[in-house]
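Protein chains: 4
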Amino acid sequence: MIRAGIVGGTGYTGVELLRILALHAEVEVAVVTSRADAGLRVDALYPSLRGTIDVVFSLPDIETLSQCDVVFFATPNGTAMLMAEQLLVRGIKVIDLSADFRLKDAQEWSHWYGMEHACPDLISQAVYGLPEVNREAIKQAQLIACPGCYPTAVQLGFLPLIENGLIDIKHLIADVKSGASGAGRKAELATLMSETGESFKAYAVSGHRHLPEIIQGLTFAAKEPVGLTFVPHLLPMIRGIHATLYGQFVTPAEGDITLADIQALYEQRYRHEAFVDVLAPGSHPDTRNVRGSNNCQISIHQPQGKQVIVILSVIDNLVKGAAGQAVQNMNLIFGLKEDAGLKIIALYP
Amino acid sequence: MIRAGIVGGTGYTGVELLRILALHAEVEVAVVTSRADAGLRVDALYPSLRGTIDVVFSLPDIETLSQCDVVFFATPNGTAMLMAEQLLVRGIKVIDLSADFRLKDAQEWSHWYGMEHACPDLISQAVYGLPEVNREAIKQAQLIACPGCYPTAVQLGFLPLIENGLIDIKHLIADVKSGASGAGRKAELATLMSETGESFKAYAVSGHRHLPEIIQGLTFAAKEPVGLTFVPHLLPMIRGIHATLYGQFVTPAEGDITLADIQALYEQRYRHEAFVDVLAPGSHPDTRNVRGSNNCQISIHQPQGKQVIVILSVIDNLVKGAAGQAVQNMNLIFGLKEDAGLKIIALYP
Amino acid sequence: MIRAGIVGGTGYTGVELLRILALHAEVEVAVVTSRADAGLRVDALYPSLRGTIDVVFSLPDIETLSQCDVVFFATPNGTAMLMAEQLLVRGIKVIDLSADFRLKDAQEWSHWYGMEHACPDLISQAVYGLPEVNREAIKQAQLIACPGCYPTAVQLGFLPLIENGLIDIKHLIADVKSGASGAGRKAELATLMSETGESFKAYAVSGHRHLPEIIQGLTFAAKEPVGLTFVPHLLPMIRGIHATLYGQFVTPAEGDITLADIQALYEQRYRHEAFVDVLAPGSHPDTRNVRGSNNCQISIHQPQGKQVIVILSVIDNLVKGAAGQAVQNMNLIFGLKEDAGLKIIALYP
Amino acid sequence: MIRAGIVGGTGYTGVELLRILALHAEVEVAVVTSRADAGLRVDALYPSLRGTIDVVFSLPDIETLSQCDVVFFATPNGTAMLMAEQLLVRGIKVIDLSADFRLKDAQEWSHWYGMEHACPDLISQAVYGLPEVNREAIKQAQLIACPGCYPTAVQLGFLPLIENGLIDIKHLIADVKSGASGAGRKAELATLMSETGESFKAYAVSGHRHLPEIIQGLTFAAKEPVGLTFVPHLLPMIRGIHATLYGQFVTPAEGDITLADIQALYEQRYRHEAFVDVLAPGSHPDTRNVRGSNNCQISIHQPQGKQVIVILSVIDNLVKGAAGQAVQNMNLIFGLKEDAGLKIIALYP
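Chains as they are written, first to last, in my numbering: chain A, 1 to 349; chain B, 1 to 349; chain C, 1 to 349; chain D, 1 to 349.
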């Protein structure tokens, strides 16, 4: 039985980790921390967990967490980097759902996150936890930087085209839409029902923190710098990310390639992936079909048979975009079946 | 392995049965019928099921269904009563999620459902599938009439008070609100997003089909006829029922009884029930906390310490109000653990 | 031209006042105050007003407000009572949308609002601004206490029955549902999209601040104390209140009275009211049909012909439940047509 | 007083026309037709109109409509083209909100709309009713083809860039999102609350009927054929369109041009337009800020100072995208003030 701890268990990624881990046959949730709610039963804050989680919030101290085999950070940015080292030296695996270890360049991290990085030395040790790219490294990792929600949807959508040099990597466009839970469980005007409901808008068009993360991942795949325009939008709903990706098709030297070839390429690329599902040609993935599940559903289009390839990629931002992917990483690290605890069917309707 | 068939697999209760049964360790979904979609893969219609259900819709004929140990009817009213007998004579258990066998009085059934009952003789044989009332009878049953969604929420909320003679049974009020999925997967103007979204209304105030079913159940508990005003409302959301129940408190002959006594009574009544959860005093159950789960959460209030008792009772109309309860019945019939396949945590947020 | 000031122009009732007054032919919005946003253009905060309001937020001081003929308080409770007297002595009419002057009993006010009342002497001078009850007094008033949103919907629904002694006033039940905008524009967890969306719950069952206000109004109509159970609920939508009201029918001494008689009574009671609309028998008012308008739509039911009368009453909580009613009061005070600036048709769909 | 008729008054654009025209000081709604509901009062179907529209649905025959000065077609595609000529010969102005006269090429129309065009001769006579492009022609027109909702948002967003040759017109991308009311008031599974709520998807990526209309309009502005990728999406809400437009910036021969220059260009282009509002630099228009109003709000971005220009353009699909624009056209034709009846402030929140 793996003993798991969750630091910052009161946010949406925290409670989502609890939803998944509570039913994971090989995990015991041993510690859940919260500064604000220490002493309170977890299921008093989250009645959805009644009967499945018998834990009280504790203060986030290293001694308490030391009884764990793995510690998840479901904290705001800037917390994991303060505590990770102390856990790692005790041999505890660390899986960070925040952004602290996602960017390989500490200076760029500081630029986007507005603070100095507290442990830049650890950055190189951290493995970017996108199993569809880094599976073998993850299995050996002590410290995992779980990808952001937008970066997961965008990378899984673009990767096969980029890895095969089929699109002009200087002119990528990612028009991405997210449900409000992506903003977290914070008392803010902007995500009130009365502000977000029955309305839609873009935000952070001038630059969103997930931009450098996506560029880093796609550049790694392309083996040269990519040019990306990334526009995030806020949907009047709770869960779900839909990425609409545009690439200019580049016919390879060896000759013609058709939409059917690209479809086959995607199916081939992901055929052993438990959580990436390439839909039949002509499909339009719907975020509801992955709601609550760890799946990414993808479809490929070439409108009017022209030069632009359109990839549609959907995930649940709290699952494949956060807690589910974190558990997938945990499974890999501990040698469990990759889908242990993650056989969850989306809630439709 | 129990071989299960689903007649009418294209509606919301059908797909919800599939979501639950696909992960039920002791069930194999052998047959799913649909007249309209026969020949189509089930997961082509419901992409949320991709990778978990490998079945093609077939025509609803008795021969095909005869390979099953149990057949669920997730059909419109009036279908199960035409097929149940042929399955029962073959020794197949029948669990009907429609209303065909819920009312014990065939004439009243005809009055409310607008058609003759096709097999009135079977009615007396049918067991009303509310495990919290009829558990032992369910275990022996061949034919189960699964309760309606409103009746489940209302009965579980009122039962302890009525069974103990603590409220005036002549003046019960049930003000109940349901998500739009309760109307089913039918092409109708009234449940369009543009009609139902951002709006709220009562409907069928003069008389809803679930009224006689609730009266029948409460009368059975009270051992004398009850008087009930039942007003259903349509919520601008998909899943969830919230019953707000009002009863005039009747102090029993033996003396004073307090809200704390009533709280204790509810906790006692449901302490062995896996799926009925009495919340702490002062709580307000939220439908999201049971969304996707088979739970009913209940809280008890006595506003201003006055004579009126207010019971709040929430369920997911598609789970405890339909498919989950049906599987709970199946588990009882086949001697499985009552919560087999039903350990599902609500999707929050 | 009436010069209007709005104190507290950054909340939802404030911006709704602006929406209405900006197009009111006989009003000029002269002052809009906000401590937090002083110096900012109003339409910078509220882009929906661009092109219609050319005002900058100012600090809420008496001198600035003294240029107005009327000042609306769209402030949190406890602000209007600190400033009203200084405006009144300057001959400025005060229309308070907050609760400061709604309750005639200062001690009860303190009990429910958790603070001492700052000017109890003004309370008796304040006129409760429900035109359908107090029209003549409103015309003469210097200080208006605008009714709360729930109290407006409940009183308009119950009044004809109570005024005519047709229901048992000791056993009134008001099961009322409100959109999230009723909670105001405040950064709070409870009204986040992720908390409120796709979910429904009751709240404050033990006692809500609008309870004493409703009891006060109904008691005034009944001429003796009423007994009321009031249960508010939060809807997963933005605007709208739906009151479902239950009364035990009392046949009057003079003999039989039918549902048709009650229908006629309601039509008669409200036939000269521009903003109360009694629907045809059998109707179910839908909150969308009053969204954005100053209307209250009402229908009357007697389920199964039994003893319980069910009244359905809907308003837009921000219009007839707040800003619209405030303008209706202003029109009366200044001798304008009662519907001036209020001929707004609900936004459907 | 202009006598107006509406053919097809039971859909969402029909009822929206009624909402606007009922309060238009210079219009009398004389005829509203509906085959299905002839004989029924209009406000019986649409209770939001009670007290403002005193008309009964009539059958759509030419004689009845001949009493009108102008007839709006709010019908499904294929109806206006059967009746327009008979009205035009009687000197009645025709404003068609459907697609019948939008495309100048009858064969292309047939290709996209799946039927023969019934009166190709009228097409050249029809004026495309986008006042921001065709104002003078509209004033002289007998027959107006109102633009589609997507085409309105996309054209208004792209026009200043294209008219000034600032972007590569061969590689335009329009990623556009619409509320569910765009699908009309039709009993269809796809737009049920349970299908559309809490979910998001693209649709018709291979080719949507509005594609040729947008290309026609942009090609007219560019004076040479444009290349456009257009991906429509369905939002889980009722009203609103948000277009996110991407263009590759082309520095003109005469030298550098900055984002500030483009901002100034947009402000200049639309400075006399009552209904197009260019927001301050850095803004993100929100669909709620135009909900119910005839406004288009636009902002311009150049993410990271790179080569891609991103234009955000929002409208209410039923107002500027349909009924409001139709009334704007009517005002122009009859020499009224262009904003007569259209001074409507968006409903926020």
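These are calculated hints, taken from the structure and not from any lab test. Check each hint, because a few of them may be wrong.
Put simply, identical chains are the same to the list, so a pair is met inside one copy or across any two.
Listed next, the in silico DSSO-like pairs over lysine-lysine satisfying Cα-Cα at most 30 Å (straight line) [said to hold, decoys possible]:
| no. | residue 1 | residue 2 |
| --- | --- | --- |
| 1 | LYS170 | LYS343 |
| 2 | LYS170 | LYS186 |
| 3 | LYS186 | LYS139 |
| 4 | LYS104 | LYS306 |
| 5 | LYS343 | LYS223 |
| 6 | LYS223 | LYS139 |
| 7 | LYS139 | LYS337 |
| 8 | LYS170 | LYS337 |
| 9 | LYS306 | LYS337 |
| 10 | LYS223 | LYS186 |
Hints, one by one, checked against the model:
Taking the shortest alpha-carbon separations for LYS170 and LYS343, neither the intra-copy value of 38 Å nor the inter-copy value of 45 Å comes in at or below 30 Å. Taking CA atoms no more than 30 Å apart as the test, LYS170 paired with LYS186 passes in neither setting, with 37 Å inside one copy and 43 Å between copies. For the identical chains of this complex, LYS186 and LYS139 are neighbours neither inside a copy (34 Å) nor across copies (46 Å), given an alpha-carbon limit of 30 Å. Only between protomers do LYS104 and LYS306 lie at most 30 Å apart by alpha-carbon distance; the minimum there is 23 Å, versus 37 Å within a single protomer.
Proximity of LYS343 and LYS223 under a CA criterion of 30 Å is satisfied in neither setting, with 34 Å inside one chain copy and 46 Å between copies. In this assembly of identical chains, LYS223 and LYS139 lie within 30 Å of each other by CA distance solely inside one copy; the values are 23 Å within and 58 Å between copies. Only within a single protomer do LYS139 and LYS337 lie at most 30 Å apart by alpha-carbon distance; the minimum there is 12 Å, versus 36 Å between protomers. In this assembly of identical chains, LYS170 and LYS337 lie within 30 Å of each other by CA distance neither inside one copy nor across copies; the values are 38 Å within and 49 Å between.
In this homomeric assembly, LYS306 and LYS337 never come within 30 Å of each other (Cα to Cα): the closest approach is 42 Å inside a single copy and 44 Å across copies. When the C-alpha separation of LYS223 and LYS186 is checked against a cutoff of 30 Å, the pair qualifies neither within a copy, at 38 Å, nor between copies, at 48 Å.
Hint check: violations occur at hints 1, 2, 3, 5, 8, 9 and 10; the rest are consistent with the structure.
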